[in-house]
Amino acid sequence: MPLVVRLRSAVCLLGRFPALAGVDLDVAPGETVLLSGGNGAGKTTLLRLVAGLLPLHQGEGEVMGVNLAEDRRSHRSRVAFVAQDTGCYEDLTVRENLRFATRAAGGDDARVDEAIDALELGRLADVRHGKLSTGQRRRLALAVGIARRPDLYLLDEPHAGLDAPGRAYLDQVLARAAEEGRSVLIASHELEMVRPFASREVVLTNGQADGALDAAGSTPAPAPAEAAEAVEATTLEPTP
Amino acid sequence: MSLFQEAALVAGKDLRIEARAKVIGQQIVPFGLIVLLLFAFALDPDRGVLQRVAPGLFWITVLLALLLGVSRSFAVEAENGARDALRMSGLDGSSIFLGKASALAVELLVFEALLTVGVVVLFDVRLASLPPLVVGTVFATVGLAATGTLYGVLAAGIRARETLVPVLLLPVVAPVLLGATRSWESSIDGVPGDAWPWVALLGIFAVLFVGIGMLAFGPLLEES
Chain A
1 MPLVVRLRSA
11 VCLLGRFPAL
21 AGVDLDVAPG
31 ETVLLSGGNG
41 AGKTTLLRLV
51 AGLLPLHQGE
61 GEVMGVNLAE
71 DRRSHRSRVA
81 FVAQDTGCYE
91 DLTVRENLRF
101 ATRAAGGDDA
111 RVDEAIDALE
121 LGRLADVRHG
131 KLSTGQRRRL
141 ALAVGIARRP
151 DLYLLDEPHA
161 GLDAPGRAYL
171 DQVLARAAEE
181 GRSVLIASHE
191 LEMVRPFASR
201 EVVLTNGQAD
211 GALDAAGSTP
221 APAPAEAAEA
231 VEATTLEPTP
Chain B
1 MSLFQEAALV
11 AGKDLRIEAR
21 AKVIGQQIVP
31 FGLIVLLLFA
41 FALDPDRGVL
51 QRVAPGLFWI
61 TVLLALLLGV
71 SRSFAVEAEN
81 GARDALRMSG
91 LDGSSIFLGK
101 ASALAVELLV
111 FEALLTVGVV
121 VLFDVRLASL
131 PPLVVGTVFA
141 TVGLAATGTL
151 YGVLAAGIRA
161 RETLVPVLLL
171 PVVAPVLLGA
181 TRSWESSIDG
191 VPGDAWPWVA
201 LLGIFAVLFV
211 GIGMLAFGPL
221 LEES
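So the protein lines, in turn, are chains A and B. Just so you know, our numbering puts the end of the first sequence at 240, numbered straight through with nothing missing. Just so you know, our numbering puts the end of the second sequence at 224, numbered straight through with nothing missing.
A portion of the hints provided could be inaccurate.
[Stated by the list, open to error] Where chain A lies over chain B, by a calculated footprint (3+ residues, C-beta under 8 angstroms):
id, segment
1, 13 to 22
2, 72 to 85
3, 88 to 96
[Stated by the list, open to error] Simulated restraints on C-beta separations:
id, chain 1, residue 1, chain 2, residue 2, range
4, B, L114, A, R73, 46 to 54 angstroms
5, B, G190, A, G130, 44 to 52 angstroms
6, A, A175, B, R159, 25 to 33 angstroms
7, B, A160, A, N206, 27 to 35 angstroms
8, A, N39, B, L208, 47 to 55 angstroms
9, A, N206, B, V167, 48 to 56 angstroms
10, B, I34, A, E180, 42 to 50 angstroms
11, B, A113, A, G130, 23 to 31 angstroms
12, A, A168, B, L38, 58 to 66 angstroms
13, B, L208, A, P196, 26 to 34 angstroms
14, B, G157, A, T134, 32 to 40 angstroms
[Claimed, not checked] Over the 12 angstroms line for every Cβ pair with chain B, so calculated as not near, a few chain A residues:
id, residue
15, P29
16, Q84
17, E114
18, Y169
Bear in mind the hints are in silico, worked out from the structure with no lab data behind them. C-beta atoms are modelled at their ideal positions from N, C-alpha and C, and glycine is treated no differently.
Isolated chain B (complex conformation) (with noise of 0.2 angstroms):
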């Protein structure tokens, strides 16, 4: 099999572990619309703060929800000695991690679409310019499950991992975070011109830790 079958076997597993577990649908997406919640509790909407802020809450309500699919990534891995079996396969590592990630990203996606209807809805706010929008989400997106997925790992075979991760992960993933931001602002202003740039640095991103991890990821789950 070439490396892109056998990422696509590991994403199909993934994908349909997911499926059937319904964790993102009954769990990660009220999550995240619950936290859409308090924050149009907390803050006031009658200001236009909400509006103002929203790009800002979507990304950090998407970094949790990251944090929640990293876990549920490797726990699946953890159970039934299945991250033995998974090195004994015969995969290769590096398809391994394609098909870890691109099934995150699969998860991460259909996740950022709910919460956008939900920001539209709940914060009012209008997607000016969509083109900037969807690809610097579709950037940000692969660099986090990239980034998640290669963290996740370090961290499959320590006791702390569900701690752990948040505080190793976090600080890589904050290029991101205002990226995208960034990006949604222009978006949102319609002011595309401005959020290129942004996207620019998002697709950087992307490439650079789909790379690493590529690269790491075999070694990694060899030590896990």
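Okay, chain A solo, but in the shape it has when bound (with noise of 0.2 angstroms):
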């Protein structure tokens, strides 16, 4: 079955700093892979990655069948990124940013009204994202997610600002993403509330997959000399 993810050795400057230097990972369809590592280990600049939202400077990266190096865009409207900003307009509120964003990805509004009813939002649905709280702005975040009905959900620090409900309807997510064989890739702190649903754990340091826990499908990351070398060798032109 082709993998949802494929990276290999893939680099990427934040400027001329290799955020991630030659990182190794596959995500089977149906699988949920954690990312651990310490701040600034490169967890984000990978989910980042994976959306297409920053190039690929060397290495090679597919995502569902897209060659990154080719184009970082035609994978998005299958893909829901929960980042840490929830991307969503101060002055629509709750049902309209849920609206836009289900409509942009073919979407119609049965979508937004499950979503609406599945985080209950329902009392919050003409209330202005503006004046939400952060946790309710983290379910919103998630809500718009869910609309999109993507085959891949990438998750930044999802349990980051929501109250228990939130974290018990993420953890529904999580559970449903797998039974219905959508992969999920989850950056996170809180290690012992994902790990249960985890098929595996890749632990970044320095923008290098240290290793994998029960890692089937990814293999080592090259040793830091050779990545060191890789980095040397960009040239700093990204990828279109």
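Take each chain as given, in its own frame, and dock them per the hints.
See below:
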């Protein structure tokens, strides 16, 4: 079965800094992979690279069959990236933000209503994003991701700011994603909350995948010296 | 969704945000009227100077409002990572451009309608020939909105965008200022025949920058 995400020696530079310095990673359909590591390890950069928001400077990268070196856009409508920012508009209500994101992804209002019900946002549906609390904003961001019905979830610290019911619903999302064959790549510091749902864990350190627990698909990252050489050889010209 | 459906989705979103924020009604329109008043005080109304320079003053005020509108249009995308969300939305870059430019054009047209009333009342200007004036205004507005949207995204990821956009944008829209002012002068003088060549120039400018914007906006958004 083709992989949903396939990275080989992936290098991604932020300016001249190698935020990812030669990462190998496979994510299979229906698989949930936990990305762990300290602050600045490269977790968010890896998610943004897979989303196509950052260019692949060196190495190979494929997401749902799309070569990231040639095309960073085609796969985006099938991906839900729940980042630390909500991606929503301050002056639009919860329902309007959801409707815009869902229609843009080709969905209809039924999906909007489902997402509102699922995350118990009904009483907030007509409240502007700017008036929501941090936890309510996180719920909305999650609802936007769900309403898009993606093949791949990219979740960046999804537990942060969520209250107990929100976390419980996030657990349901993770469980349901596996049942429905959707893949999840989740970066988190709250390892104990994610590990029960993760088929394996990849630890990032200084932009490199140190290793994977029960990593059936991932291959070892290049040695630090090799990665440093790869970065040195990079032309600094981003791919399209 | 088709290109135009996607553009309508983006335009609807931008117009809804502006309607809620009330920036046009509460800030940009008063700003335009204050500019007209200041010119009225600065130039001697008794010698007919205001009537002669009214078209130029009108379009300079519109250019200043354009800068505010462009700034607003991209400021809303900078909050909460909305620009990344827009990139992830799956919408085509051309649709996003058409949507944002259309919303900006609608906002400018509303502003221009109110400003026209201000010019007529404050400067005692008589609009003798309306067809070239209306068509020229629409073409000029489309050209300004398209150019503003294009240069807005060009500077979107730059910290100094507030000061950079005017430096980049104003020289490019100089032909619009010239053409729109001339077409207004001819319309006010009641010589529409002299206005139509300028209206044609404004039309060409609008088509050119809508085309360039549709091609360039997507890649520029990716790099912003």
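Next item on the list: Confirm or reject the coverage of the segment 88 to 96 of chain B by chain A under the rule of 3 or more residues with a beta carbon closer than 8 angstroms to the chain's beta carbons.
Entry: holds (count 4)
Notebook entry, point to check: Does the claim that E114 of chain A lies off the interface hold, with its Cβ farther than 12 angstroms from every Cβ of chain B?
Noted result: Correct as stated: the minimum Cβ-Cβ distance to chain B is 19 angstroms, above 12 angstroms.
Next item on the list: State, for the Cβ atoms of N39 of chain A and L208 of chain B, whether the hinted interval 47 to 55 angstroms holds or is violated.
Entry: 48 angstroms, holds
Notebook entry, point to check: Does the Cβ distance between L208 of chain B and P196 of chain A fall inside 26 to 34 angstroms?
Noted result: Given a distance of about 58 angstroms, which is not inside 26 to 34 angstroms, the answer is violated.
Next item on the list: Mind checking the hinted window 48 to 56 angstroms against the Cβ distance between N206 of chain A and V167 of chain B?
Entry: 40 angstroms, violated
Checklist line | Outcome for the supplied range 44 to 52 angstroms, where the beta carbon pair is G190 of chain B and G130 of chain A | finding: For G130 of chain A against G190 of chain B, whose Cβ atoms are near 50 angstroms apart, the range 44 to 52 angstroms holds.
Next item on the list: Say whether it holds or is violated: Y169 of chain A keeps its Cβ farther than 12 angstroms from all Cβ of chain B.
Entry: 21 angstroms, holds
Check: Is the Cβ of Q84 of chain A more than 12 angstroms away from each Cβ in chain B?
Finding: The claim breaks: Q84 of chain A does not keep its Cβ more than 12 angstroms from every Cβ of chain B (closest is about 8 angstroms).
Next item on the list: Check the following: the C-beta atoms of I34 of chain B and E180 of chain A are separated by a distance inside 42 to 50 angstroms.
Entry: 58 angstroms, violated
Notebook entry, point to check: At a Cβ distance under 8 angstroms, does chain A reach at least three residues of the segment 72 to 85 of chain B?
Noted result: holds (count 7)
Check: With a Cβ-Cβ cutoff of 8 angstroms, does the segment 13 to 22 of chain B contain at least three residues near chain A?
Finding: holds (count 5)
Checklist line | Range hint compliance [Cβ, A113 of chain B to G130 of chain A, 23 to 31 angstroms] | finding: 29 angstroms, holds
Comparing the model with each numbered hint stated earlier shows that hints 4, 6, 9, 10, 13, 14, 16 do not hold.
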